[in-house]
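Enquirer: Sequence:
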Amino acid sequence: LSLTAREAAQGGSKRVTLRRADGQDDVLVTIPPGVRRGTRLRLRGKGRPLDNGERGDAYLVVDVAGDGA
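Residue numbers (the working numbering): -1 to 67.
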């Protein structure tokens, strides 16, 4: 998940599209204020299909543009 330094500092929400072999989902992700580069955000139930018919979790790794780290 690519964020600007301002988005990372202020938090908020951002719409992302998750693409999988079985289709895609548009998801509104909540970004906590002060999030740092490398933070993993879990999207419960938005991952790959499991053997029991449910969906696993998807994870987004935060990257902050201009972070320099």
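Any given hint might turn out to be false.
Just the calculated beta-carbon pair ranges, DEER-fashion [unchecked claim]: (1) 38 x 8: 16 to 24 Å; (2) 51 x 16: 26 to 34 Å; (3) 46 x 13: 18 to 26 Å; (4) 25 x 48: 30 to 38 Å.
Hints are computed from structural coordinates only; laboratory data are not their basis. Don't be surprised by glycine CBs; every beta carbon is placed ideally from N, CA and C.
Enquirer: It remains to establish, for every hint, whether it holds in the given structure.
Expert: Comparing the hints with the structure gives:
no.	hint	verdict
1	38 x 8: 16 to 24 Å	holds, 20 Å
2	51 x 16: 26 to 34 Å	violated, 18 Å
3	46 x 13: 18 to 26 Å	holds, 21 Å
4	25 x 48: 30 to 38 Å	violated, 18 Å
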